[in-house]
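Let the hints inform the model, and build the full structure from the sequences given.
Number of protein chains: 2
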Amino acid sequence: MGPIGVFDSGMGGLTVLRALLRRLPDEDFIYFGDTARVPYGTKGARTVRAFARQDAAFLHAQGVKMIVVACNTASAFALDELQQEFPVPVLGVIEPGIETALARTRGGPIGVIGTSGTIRSGKYQEGLARVVGAARVRARECPLFVPLAEEGLTEHPITEMAVAEYLLPLREARVDTLILGCTHYPLLKRAISRFMEPETALVDSAEALAGAAARTLAERGLVRPAVAPPVAAGEAAPARPQLEFWLSDVPWKFAEAGARFLGRPIESVRQVNLDEVEQAGRLVREQRRGA
Amino acid sequence: MGPIGVFDSGMGGLTVLRALLRRLPDEDFIYFGDTARVPYGTKGARTVRAFARQDAAFLHAQGVKMIVVACNTASAFALDELQQEFPVPVLGVIEPGIETALARTRGGPIGVIGTSGTIRSGKYQEGLARVVGAARVRARECPLFVPLAEEGLTEHPITEMAVAEYLLPLREARVDTLILGCTHYPLLKRAISRFMEPETALVDSAEALAGAAARTLAERGLVRPAVAPPVAAGEAAPARPQLEFWLSDVPWKFAEAGARFLGRPIESVRQVNLDEVEQAGRLVREQRRGA
Numbered sequence: 027m028g029p030i031g032v033f034d035s036g037m038g039g040l041t042v043l044r045a046l047l048r049r050l051p052d053e054d055f056i057y058f059g060d061t062a063r064v065p066y067g068t069k070g071a072r073t074v075r076a077f078a079r080q081d082a083a084f085l086h087a088q089g090v091k092m093i094v095v096a097c098n099t100a101s102a103f104a105l106d107e108l109q110q111e112f113p114v115p116v117l118g119v120i121e122p123g124i125e126t127a128l129a130r131t132r133g134g135p136i137g138v139i140g141t142s143g144t145i146r147s148g149k150y151q152e153g154l155a156r157v158v159g160a161a162r163v164r165a166r167e168c169p170l171f172v173p174l175a176e177e178g179l180t181e182h183p184i185t186e187m188a189v190a191e192y193l194l195p196l197r198e199a200r201v202d203t204l205i206l207g208c209t210h211y212p213l214l215k216r217a218i219s220r221f222m223e224p225e226t227a228l229v230d231s232a233e234a235l236a237g238a239a240a241r242t243l244a245e246r247g248l249v250r251p252a253v254a255p256p257v258a259a260g261e262a263a264p265a266r267p268q269l270e271f272w273l274s275d276v277p278w279k280f281a282e283a284g285a286r287f288l289g290r291p292i293e294s295v296r297q298v299n300l301d302e303v304e305q306a307g308r309l310v311r312e313q314r315r316g317a
Numbered sequence: 027m028g029p030i031g032v033f034d035s036g037m038g039g040l041t042v043l044r045a046l047l048r049r050l051p052d053e054d055f056i057y058f059g060d061t062a063r064v065p066y067g068t069k070g071a072r073t074v075r076a077f078a079r080q081d082a083a084f085l086h087a088q089g090v091k092m093i094v095v096a097c098n099t100a101s102a103f104a105l106d107e108l109q110q111e112f113p114v115p116v117l118g119v120i121e122p123g124i125e126t127a128l129a130r131t132r133g134g135p136i137g138v139i140g141t142s143g144t145i146r147s148g149k150y151q152e153g154l155a156r157v158v159g160a161a162r163v164r165a166r167e168c169p170l171f172v173p174l175a176e177e178g179l180t181e182h183p184i185t186e187m188a189v190a191e192y193l194l195p196l197r198e199a200r201v202d203t204l205i206l207g208c209t210h211y212p213l214l215k216r217a218i219s220r221f222m223e224p225e226t227a228l229v230d231s232a233e234a235l236a237g238a239a240a241r242t243l244a245e246r247g248l249v250r251p252a253v254a255p256p257v258a259a260g261e262a263a264p265a266r267p268q269l270e271f272w273l274s275d276v277p278w279k280f281a282e283a284g285a286r287f288l289g290r291p292i293e294s295v296r297q298v299n300l301d302e303v304e305q306a307g308r309l310v311r312e313q314r315r316g317a
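Read top to bottom, the protein sequences are chains A and B. Following the numbering used here, the numbering of the first sequence begins with 27 at its first residue and continues without gaps. Following the numbering used here, the numbering of the second sequence begins with 27 at its first residue and continues without gaps.
Please note: incorrect hints may appear among the correct ones.
Computed list of chain B residues with no C-beta within reach of chain A, every gap over 10 Å [said to hold, decoys possible]: (1) Leu50; (2) Gln110; (3) Val114; (4) Thr131; (5) Val163; (6) Arg164; (7) Thr180; (8) Arg197; (9) Ala238; (10) Ala252; (11) Arg286; (12) Ile292; (13) Val310.
Derived EDC-like pairs (lysine to aspartate or glutamate); straight-line CA-CA distance at most 20 Å [as the list claims (entries may be wrong)]: (14) Lys215/A to Glu191/A; (15) Lys279/A to Glu191/B; (16) Lys279/B to Glu107/A; (17) Lys91/A to Glu107/A; (18) Lys91/B to Glu270/B.
Don't read these hints as lab results, they were simulated from the structure. Cβ coordinates follow ideal geometry from the N, Cα and C atoms, glycine included.
Below you can see the structure in the form of structure tokens.
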């Protein structure tokens, strides 16, 4: 009955935490953002897998009852391995995003956008193609979207231009559903939706993931009981859900960016030394070799 | 008489290596790019210092005779410390950039652009202000320039727009000299120079650093003798200068990006496990504590 652990390459995963908090208001959460090594989306599969294992191990060492991989790139490259390595449920954002897109498409092509790593992994494309056939799937990497969202240029002519540059082939293909396959992209939702045809449904992995997390908790009997009000006057108020933020670096624009992604200010954050995160990862790897 | 070690947060430092190769064609070089943890420019001082120490220690363990900190952000936060920690000369890019700008200014304001870390460290501004006074110094952080250069959008309307957005205050201040205080920015030189007044001198830290490296080698008697042609027919050809590339990650767009920054294709690259880099850093830290 511990907290739910959520990790991401950096602060983008706060959009996922935001959806989880809305959906599961009685749960405790620990968020870990690997801000010292962000981004993951441009980096190779082997590197992303090593980082993701360390991030998950750090959360697991805090006694979490479930691990949410908020980062699409880490979900693409490391989810299977993490599910084998950890004894708690490990959820990624890709499968829920695919399911939502399949539920919303009206027979037209389905588009997916993401980082270079996520798109080159082919995970979204394979999952979609298994159901609708490869001919109905369109994928695009949009590498500038992450820095644009991080810089807060959500409504800026530069962003309009980048959106047009990346999304024109998807608009021309008349996709009826578009998966925002990166935690940063919901911040650009308005600019994306202005550029696409009005009938294109935008699928936000964060919302889809929160639904999947609620189902998993229920199935495994891991739901934290709702906090009851004090029974009698004078009785201590019950503890409110706890929210802890850990980062491997406190970046220059942390306060602004954090509030932008989470939708409210982050009151306090703790910095974890990268050595500790790596050490947690090494222990898991060794235990696995020993087993 | 070992090779010269050059490190950078990633591949931007290849613009520095390119200048070094032109200036010191008889020297051997080892380049290390910390592509697994790139970028440094958005990250905090403590994180950058820890990474820089590890990078330098990795090069030092290969027996280099000099260490060049090609990354402006690492130079800003870690140079003093590295110079104390390593027994070989350690050169950064900031001091040479300042000297060149001071030699080229014609009495007008001097501008400097760089990453958030470099600009917020205040190193360029302090060095310039000591000579010309703070009133003549203008600084701007240009966070989108790194992803634009990495994506190869060197001549693209998005880049034109970002250049105008960041540099307008510097153009309006009529700076007569502008320091490109990030290894990525020389790739955007044409777009920058089109936007600024034609008489503005652009100072490329890479060129300035190569000159400083040549002077340091000469002063310390570390110059590698020029390779002589074979004396007699049948004699083995002398070994040509060696060039080794080490990266902590092989990113998705390595081949294109590498050639763009170095100005020629990179024939072979070796991937070093991040564990080894961290281990090298730990040894230096422990030795220092023990000393």
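With 10 Å as the threshold, tell me whether arginine 197/B passes as away from chain A on beta-carbon distances. 18 Å, holds
Should the label of threonine 180/B as a non-interface residue stand, given a Cβ cut-off of 10 Å to chain A? Its Cβ never comes within 10 Å of chain A, the nearest being 14 Å, so this holds.
Next pair to validate is lysine 279/B with glutamate 107/A; report whether the Cα-Cα distance is within 20 Å. 25 Å, violated
Least C-beta distance from alanine 238/B to chain A larger than 10 Å: 28 Å, holds
Leucine 50/B and chain A, when compared Cβ to Cβ, separated by more than 10 Å: 31 Å, holds
Please settle this one: glutamine 110/B was flagged as non-interface, so is its CB more than 10 Å from every CB on chain A? Glutamine 110/B clear of chain A: closest Cβ-Cβ about 22 Å, beyond 10 Å.
Grab the minimum beta-carbon distance between arginine 286/B and chain A and tell me whether it stays above 10 Å. 15 Å, holds
Distance restraint between lysine 91/A and glutamate 107/A, which requires alpha-carbon spacing of 20 Å or less: OK: lysine 91/A and glutamate 107/A at ~18 Å, within 20 Å.
Is it correct that the beta-carbon of arginine 164/B has no partner in chain A closer than or equal to 10 Å? 19 Å, holds
Threonine 131/B and chain A, when compared Cβ to Cβ, separated by more than 10 Å: Threonine 131/B is indeed farther than 10 Å from all Cβ atoms of chain A, at 28 Å.
With the threshold set at 20 Å, check whether the alpha-carbon distance from lysine 91/B to glutamate 270/B stays at or below it. 15 Å, holds
Far enough from chain A: is every CB of that chain over 10 Å from the CB of valine 310/B? Check passes; 14 Å lies beyond 10 Å.
Going through the hint list in order, the structure does not satisfy hint 16, though it satisfies all others.
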